[in-house]
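4 protein chains.
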Amino acid sequence: MKNTFGNNITITLFGESHGPAIGCVLDGIAPGIKVDEDYIDSLMDLRRPKGKISTSRHEADKAKILSGVFNGFTTGTPISIIIANANTHSGDYAGLNVIPRPGHADYTAGLKYHGFQDYRGGGHFSGRITAPIVAAGAIILSALNNKGIYIGTHISSLGDIKDRDFVNYLSDIEGLYDKDFPTLDEETADKMRSCIEAAAAEGDSVGGILKTAVIGVPGGIGEPWFDSVESMLSHALFSIPAVKGVQFGKGFDLANMKGSEANDPYRISGDKVVTATNNNGGINGGISNGMPVEFSTVIKPTPSIYKQQDSVDLDKRSNTKLFIEGRHDPAIIHRARIVVDAMTAITIADLLVTHFGTDYLA
Amino acid sequence: MKNTFGNNITITLFGESHGPAIGCVLDGIAPGIKVDEDYIDSLMDLRRPKGKISTSRHEADKAKILSGVFNGFTTGTPISIIIANANTHSGDYAGLNVIPRPGHADYTAGLKYHGFQDYRGGGHFSGRITAPIVAAGAIILSALNNKGIYIGTHISSLGDIKDRDFVNYLSDIEGLYDKDFPTLDEETADKMRSCIEAAAAEGDSVGGILKTAVIGVPGGIGEPWFDSVESMLSHALFSIPAVKGVQFGKGFDLANMKGSEANDPYRISGDKVVTATNNNGGINGGISNGMPVEFSTVIKPTPSIYKQQDSVDLDKRSNTKLFIEGRHDPAIIHRARIVVDAMTAITIADLLVTHFGTDYLA
Amino acid sequence: MKNTFGNNITITLFGESHGPAIGCVLDGIAPGIKVDEDYIDSLMDLRRPKGKISTSRHEADKAKILSGVFNGFTTGTPISIIIANANTHSGDYAGLNVIPRPGHADYTAGLKYHGFQDYRGGGHFSGRITAPIVAAGAIILSALNNKGIYIGTHISSLGDIKDRDFVNYLSDIEGLYDKDFPTLDEETADKMRSCIEAAAAEGDSVGGILKTAVIGVPGGIGEPWFDSVESMLSHALFSIPAVKGVQFGKGFDLANMKGSEANDPYRISGDKVVTATNNNGGINGGISNGMPVEFSTVIKPTPSIYKQQDSVDLDKRSNTKLFIEGRHDPAIIHRARIVVDAMTAITIADLLVTHFGTDYLA
Amino acid sequence: MKNTFGNNITITLFGESHGPAIGCVLDGIAPGIKVDEDYIDSLMDLRRPKGKISTSRHEADKAKILSGVFNGFTTGTPISIIIANANTHSGDYAGLNVIPRPGHADYTAGLKYHGFQDYRGGGHFSGRITAPIVAAGAIILSALNNKGIYIGTHISSLGDIKDRDFVNYLSDIEGLYDKDFPTLDEETADKMRSCIEAAAAEGDSVGGILKTAVIGVPGGIGEPWFDSVESMLSHALFSIPAVKGVQFGKGFDLANMKGSEANDPYRISGDKVVTATNNNGGINGGISNGMPVEFSTVIKPTPSIYKQQDSVDLDKRSNTKLFIEGRHDPAIIHRARIVVDAMTAITIADLLVTHFGTDYLA
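Residue numbers (the numbering used here), protein chains in the order written: chain A, 1 to 362; chain B, 1 to 362; chain C, 1 to 362; chain D, 1 to 362.
In short, the hints are calculated from the structure, not lab data.
Incorrect hints may appear among the rest.
One copy or two, either will do: identical chains are not told apart, so a pair holds if it fits within one copy or between any two.
[Stated by the list, open to error] Below are the DSS-like pairs computed for lysine-lysine, each with C-alpha atoms no more than 25 Å apart in a straight line:
# : residue 1 : residue 2
1 : K258      : K50
2 : K258      : K52
3 : K272      : K316
4 : K307      : K258
5 : K62       : K162
6 : K258      : K191
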């Protein structure tokens with residue numbers, strides 16, 4: 001299913017960066033979930049470019065709901081959302097189907113679509129297409145919160161700068177939604193912003209690592225083969241542009257640990273079974289164990305930079321130089337985090353509904 | 001789709017470690033592909049435990065094909081494969097549904113299946129269930145080779161020991177199929193084996209990182225949202241027990257690179273467009289670009305160890321100590337690599353057939 | 001997949017009769033297919049209510065394409081289409097969630113969506129939701145025509161009146177697209193119209209049987225289990241409101257035939273293998289055999305009638321009488337036929353692309 | 001998904017008539033369902049050929065469960081079932097890939113699989129492949145019965161002979177499971193048997209119409225587009241060999257009814273809402289309304305007959321005559337009914353689990 005993801009809750013994405021509108025269809029949502037447009041707007045705002053560390057393309061990004069919501073509640077039928085494209089400078093992108101930008105999808109889009117793709121601004125591959133994901137995710141996120149499930153993502157590292165880890169999960173997560181630049185430690189944010197500004201000053205860009213925690217997921221969710229919690233989340237996360245790695249719990253650091261260190265010992269805590277450590281990120285055998293689901297996602301540096309780069313002229317079949325015009329983000333990691341939250345919300349909700357049935361989220 | 005993966009080529013897995021048989025159904029395979037049982041056996045042998053660094057459970061692991069192959073060729077109908085379980089010591093596993101092994105799926109299986117799971121030897125969560133994946137992958141791998149597509153996986157790091165990178169992809173890949181312990185540098189293998197033996201001597205276990213290269217994949221394969229090459233491969237790979245992280249190209253190291261370093265510049269090479277570097281692992285915007293598809297997979301240390309561990313008694317709801325009886329692998333990474341190759345073959349084939357149609361592999 | 005149909009070409013439907021807009025996302029379409037808006041309009045016009053035999057609700061029904069088309073050609077990315085709802089008289093439908101209309105989905109929608117459904121005008125169950133199917137089908141139908149595949153549907157019976165059978169398939173099919181009231185015999189149309197008008201005069205409604213032929217489908221398409229040509233088409237057709245039966249070839253009449261009569265004998269015709277009869281409707285074992293694919297679909301009489309009916313008051317839990325206000329169709333069969341054509345086009349295209357790959361229709 | 005059906009409960013079929021074994025994988029079944037092998041055997045027996053009205057191929061048809069059942073209960077993991085092929089006379093089928101049998105899939109299988117298909121006894125298209133469906137359906141049927149849902153199918157017409165309709169649904173359904181030849185009226189059975197024997201005496205075959213009732217299905221199940229109860233059931237039913245038509249409620253007879261006759265009036269009955277008639281077969285807008293789900297399925301006459309038929313020699317590309325050797329059924333309708341019951345059970349269970357969650361059937 002090409003542009004659709006999910007088993008019982010599904011999202012179907014459509015749109016191009018410079019077409020009339022982008023949007024999505026969110027299906028499988030229980031009837032009776034309250035839809036708060038202000039809340040949707042507030043999450044959309046976390047994705048909005050702001051200040052010197054982001055692109056100067058500014059869009060109202062108002063999510064317009066065409067169906068599936070009636071009198072302020074979900075109806076149970078497909079929720080379609082569209083977001084207008086207004087502030088397009090398509091002229092900036094002329095020729096990118098002929099001289100592809102390194103690190104972007106211009107070249108691969110041409111291979112796949114034989115030159116018929118809408119190449120303006122990255123077309124269907126644009127990071128802009130994540131806006132409808134955030135709108136859809138907002139509807140689900142508020143429903144998950146009502147079930148005691150919370151999702152938060154911070155920038156755990158950017159360049160040499162590292163943020164602290166989650167400690168008090170619930171308050172840490174809630175605090176992140178108040179921040180345009182999501183770190184757990186406030187001083188870290190300043191250092192990271194400075195790092196992005198320094199790269200921007202050189203016409204360059206930076207990436208980083210996002211760390212996400214999901215609390216309140218009941219144990220027993222997911223499938224051994226092949227729809228493990230890890231498989232489903234990674235499938236969703238790797239669809240976000242710029243994501244090149246996903247790891248759960250200690251992830252790649254497990255390569256340097258012994259079994260006796262990596263295993264999370266069980267113990268009784270009140271009336272619950274918990275683990276003393278969470279090296280496995282809340283998942284064993286692909287199934288949630290009731291501990292926080294924790295994972296990291298690496299965001300590569302934004303490929304659009306203000307430096308001359310080597311590329312090719314696909315018409316002339318010759319090497320050439322490219323300098324990309326237009327408006328770029330020197331970093332997108334702070335904007336990407338709410339996309340990760342939204343994509344995670346959709347995926348976790350799908351796993352829950354698969355297990356507990358359609359009406360679970362209502 | 002719980003125990004099924006793929007869009008147009010699908011694999012459905014079944015079986016428990018101590019049941020009568022395990023197996024799979026491989027569907028969507030073109031008619032007319034030659035099926036070489038010796039080749040299947042040879043790949044099954046790469047997964048087979050051998051020597052001091054593996055479990056002493058020995059199974060013939062002969063893949064018996066029940067359908068979908070006629071006169072030595074695939075028919076186009078579902079290929080069902082079963083592998084008998086013979087050497088089971090089920091007594092070793094009594095009680096593991098009550099006192100779950102840390103790092104294993106015993107506890108989460110109980111949550112999910114409410115105590116009805118076949119807990120013996122890990123049941124449906126056992127690494128043994130990867131054997132049918134290898135048999136199915138072998139059929140596809142030989143078909144891919146006939147199309148000029150080759151897949152190889154080596155242990156890139158284990159503890160502090162690192163293997164060299166792929167240099168001459170084709171010969172490096174071919175060489176790996178001759179090795180029970182897959183490293184590109186022969187001396188590395190000895191050091192890694194020693195490291196595993198040292199851990200085994202302590203009753204402990206180790207993990208490591210596998211690196212995979214796929215060459216010959218045509219450009220233009222995969223979908224932007226949500227069935228990107230990365231999404232599909234990670235979905236498949238995270239289903240393999242012990243995998244806790246997947247990264248493409250430079251992966252998590254991209255967090256420390258600038259855009260000007262991370263972007264892979266295009267250049268003309270003969271009649272082809274190539275990239276000077278391959279930091280993106282042969283994938284841009286989720287679509288293959290014609291360069292080698294490269295990714296790394298972290299394998300956590302085997303959770304079964306010969307050391308006393310903290311666990312809980314789920315009946316008594318109390319803390320307890322656990323010493324695991326039975327036969328364990330102090331490392332599974334060398335056996336897991338052929339599972340990664342097989343899972344990769346199935347996934348790449350699915351993406352190809354989705355693009356080029358059913359008969360592409362014939 | 002709730003509101004999505006198809007394996008490799010998919011359509012996702014959204015919208016409610018009295019919401020701001022209805023629409024669909026059509027995915028999996030090859031890049032490079034010419035999109036002719038006039039042709040889309042012409043098929044939309046065949047679905048439009050006209051004259052005394054249809055509802056007086058009139059909508060412009062202009063399909064607006066938001067994505068997936070660039071410079072007049074498909075791009076290969078999802079095609080999203082929206083159609084505004086303008087001429088809504090929502091007041092006519094007040095209370096239908098409390099006193100459900102017999103034969104409609106008012107009652108079952110309430111059961112499924114617990115009262116949160118948008119009940120105005122049938123909401124998501126409205127026949128109006130078929131408009132985006134026609135728009136999407138038009139894009140595919142013109143591509144199929146370019147491949148020599150033609151689809152046509154006529155009213156084979158209405159009341160006691162029967163139309164003649166297809167004789168010269170291609171010209172018969174082409175002729176149907178010139179007719180608002182699709183019969184092969186022109187006099188039949190007049191009789192059927194009179195029959196509808198007579199029912200309308202009594203405040204009643206009629207149904208009938210549609211017969212469809214698809215020519216040019218290559219042999220060898222479809223799957224034995226479970227995606228047979230019959231299974232896929234019936235799945236799609238039974239989603240159209242008012243369809244209560246689907247039969248292929250001689251269908252239910254096969255119950256009265258002997259094997260020696262029902263079997264279609266093979267014979268050589270030029271360089272082709274054909275069958276002397278087509279009792280099996282061009283499908284054997286679920287697979288197309290190269291003969292015309294032929295099937296019939298029964299359309300039940302429109303449930304909205306201008307007669308008092310027995311219903312219940314769901315709030316008071318008591319029996320009551322209902323007289324439906326609003327604008328009704330005394331027959332929808334002549335408007336439904338283009339929906340059948342469109343749904344058939346989408347389904348056949350999906351089967352073809354599954355077999356021959358993404359670019360087949362380009 | 002080629003040989004797989006279902007959204008949350010899935011069945012994957014494999015096997016060829018003359019291969020080593022046939023079977024299926026049934027996935028998505030709740031843990032904790034009691035599996036009674038005697039009950040499975042009893043349903044398998046209803047499909048078994050017996051007496052003069054069936055083929056003389058006799059198979060033990062013992063369903064062997066390889067996985068997913070432990071200590072007599074389902075585990076929640078995939079249930080794999082295999083059935084050995086023992087009594088094969090493959091010699092009878094030599095050459096059927098060259099001179100295809102009219103009405104069979106020999107010719108279309110060759111088109112689809114390019115001659116690589118296992119053509120012996122119809123291979124993967126054989127009616128024999130329905131045996132695993134019955135075994136899988138038996139597990140589900142007993143779970144449905146525990147939830148108060150019952151499914152029964154009788155031969156409603158065969159030639160000119162008609163059976164009575166369902167009257168007392170529960171006892172009528174229960175009675176059918178005691179009968180090898182399933183009619184509601186006992187005398188009807190004798191007449192129908194005589195009709196089959198008369199056709200057999202001429203070397204010919206007959207078909208007929210099966211009518212199925214499902215009682216106890218809660219209202220509110222199914223999806224408006226595209227997974228309506230009708231769409232899902234017809235998808236499943238049309239995969240059964242020889243099925244060429246499916247209709248719900250009054251089906252094709254609705255073409256001759258007025259809206260005022262066809263609409264099912266609602267009324268209160270005790271604490272329930274019921275309909276006075278059931279012309280819509282328990283389904284409105286694709287959603288169950290709580291009344292019995294009722295549908296008819298036409299079974300074409302068995303294509304294997306003992307009469308010379310016209311066919312073609314595909315090697316010589318010439319017309320030829322064919323006389324089919326081997327063992328045939330002069331009618332399969334009485335054996336097909338339990339396949340319809342099983343397929344219906346799987347489909348209804350899938351719809352229920354999609355709505356109510358994984359554990360609903362436990």
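Structure-based check of all given hints:
1. Taking the closest pair of Cα atoms, K258 and K50 come within 25 Å of each other only across two copies (21 Å); inside a single copy the shortest separation is 45 Å, beyond that limit.
2. Proximity of K258 to K52 under the C-alpha cut-off of 25 Å is restricted to the inter-copy arrangement: shortest distance 18 Å between copies versus 45 Å within a copy.
3. In this homomeric assembly, K272 and K316 come within 25 Å of each other (Cα to Cα) only across copies, at 12 Å, whereas the closest approach inside a single copy is 67 Å.
4. In this assembly of identical chains, K307 and K258 lie within 25 Å of each other by CA distance solely across copies; the values are 12 Å between and 45 Å within a copy.
5. With identical chains, the CA atoms of K62 and K162 are never at most 25 Å apart, being 34 Å at best within one copy and 50 Å at best between copies.
6. Proximity of K258 to K191 under the C-alpha cut-off of 25 Å is restricted to the inter-copy arrangement: shortest distance 17 Å between copies versus 35 Å within a copy.
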